[in-house]
Amino acid sequence: MENGNVIETFDLTKRYPRQTAVNGLSFSVKEGEIFGFLGPNGAGKSTTLLMLLGLSEPSGGSALVCGLDPIRQAREVKKIVGYLPENVGFYGDLDAVESLRYIADLNGMDRDATSEKISEALETVGLTNEKRKKVGAYSRGMKQRLGMAEVLLKDPKVMFLDEPTLGLDPDGAARLIDLIKTLNRERNITVLLSSHHLTQVQKISHRVGIMIKGEMVAEGSIDALAQEKFGVDGKEYSLEEIYMKYFQEG
Amino acid sequence: MQGISAVYRKEMADHFSSFRFVILFALIAMVSVITSYMAGITLKESLEGVAKPQFVFLMLFNTTGAMFSMVQFVAFFGPLIGIVLGFDTINRERAEGTLIKILTQPIFRDAVINGKFLAGVTTITIMLVSIVLIISGLGLILLGVVPGAEEIWRLLLYIVISVFYISFWLGLSILFSIFFRSIATSALASVALWIFLSFFVSLGASVLADMVAPANAPGVDSTEAIVKNIRVKEGISLSSPMSLYTKASATVIDPMRKTTEALVLMGPMEKISAGRFQNPLPIGQSVLVVYPYIIVLIALTLVCFAISYLVFMLQEIRT
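Chains as they are written, first to last, in this note's numbering: chain A, -19 to 230; chain B, 1140 to 1458.
Looking at chain A on its own, in the form it has when it is part of the complex (with noise of 0.2 Å):
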């Protein structure tokens, strides 16, 4: 943490008994930063994500989130980094402020603080008139949208989001990156973002990663990877036109 950045991985590795999902792999990413994370299926991003959050254990190198250990303090770990996996799941008997209740529960939250937490939550991602429907019940964007919500209530410093915006409409998507943007700004919470909707990444990220077959092939921001690639000024390309052309090489 010393050096300001909230993420740190050295060397990171994961093998399978047939392939290697993450090869050594190192990157940063910064406090106050919203970190692009980009790469094909199949990359290695979600293994990478679950070795930060220690429910995987790496075979090789190590990582630092917030300057802590996930393997050995995957409590404190988990308890500053909110989760939104890809397709999240839900109890679809519970409704809203019940599912809400039981994350609070298991972060040990007081219970008397937690009823105005959960409608705050609730309030922030709009989901307040739908509060007492059946999750079982909710279109794939309200979902999302609770899967957010249930981030917030531990009032996370950073946010893994594992392609957050797949299968919304595009007003839905919009607004959500919206939102990712604001609590980026006003909570000064730390973002990493998988995504493969490139023209969202772009105008919400500080800076972007492409990992290609585990491995990290580029890092830094958009302009500075344009240069490196098309070795003009950047802002005449968009980071699609970066993506595939690192893709190809790789």
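Hints were generated in silico from the structure; no laboratory data involved.
Quick caveat: nothing in here was measured; it's all calculated off a predicted structure.
Don't be surprised by glycine CBs; every beta carbon is placed ideally from N, CA and C.
Do not take every clue at face value.
[As the list claims (entries may be wrong)] Partner residues aside, some chain B positions facing chain A, computed with beta carbon under 8 Å: (1) Ala1145; (2) Lys1149; (3) Glu1235; (4) Thr1237; (5) Lys1240; (6) Ile1241; (7) Phe1247; (8) Ala1323; (9) Thr1324; (10) Glu1455; (11) Ile1456.
Place chain B on chain A using the hints.
Okay, now just chain B, sitting in the frame of chain A:
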């Protein structure tokens, strides 16, 4: 601890609000009312004219009325309770994507499985206690006898043994729900093992015993051969939790039962004296007769849970 209690509360709420529990409980309540009523009627008739019947209250639980006694019913049906409560514990959460969400909350991983197992055991205990109370209440009305202190102690012990027996099956089905990703597979695996251990082991035991130590082979001393045959048979059938449980619970419930052996060799005078003086065992002695069975049953339950625990702790969590 915060993790365990949160999971525990959630699971308890789930159990008690689920149709699964309601159906199971309705079925058990119905069967226990019917069996205890039958047992009560039978007892009333058979005890007519007996000068001083002892432990009448306990007979409510082990008298075979028209169908089966309560003890037999739990031995047969108990595993199903455990399986129904546990077969989708982990793999449903995995399939719905809630497992990973819970595990990214600041709790230890074992809080999930401990909380779920404890909630299952509590549910089982509540079920059994209410069954015993239903039968006791009906018995009080039907027979008009009040249980003595020793009878209550025996019933409590019976409940404890039964809770462990059913929890063994709960632990086993939780283990399968960790192993198998598919809910149907884990349910099927649990039921298959239940059928195998409960029915086929006892059938197979006599077949194997006849093969290993034939009772009426030519040229062998027949008494010795019969004893050996039965020893082998009982040894094999002990690998079934059902026979462990049946032996343990039958002895605990019935003070007149003095041994778990199926075959007792007695001289003619012994036979007469045993027939004349039917003294019940005190509870301590009954326990002494079956304590190896009880301990093995408890050990099986704990080992089963320990394996589930280990597998769950070491398993790679992926969405």
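To see whether the hints hold, each was checked on the structure:
1. Ala1145: 4 Å, holds
2. Lys1149: 6 Å, holds
3. Glu1235: 4 Å, holds
4. Thr1237: 4 Å, holds
5. Lys1240: 6 Å, holds
6. Ile1241: 6 Å, holds
7. Phe1247: 7 Å, holds
8. Ala1323: 19 Å, violated
9. Thr1324: 20 Å, violated
10. Glu1455: At about 6 Å, which falls below the 8 Å cut-off, the nearest Cβ of chain A leaves the hint on Glu1455 of chain B intact, so it holds.
11. Ile1456: Hint on Ile1456 of chain B: holds, closest Cβ of chain A at ~5 Å, below 8 Å.
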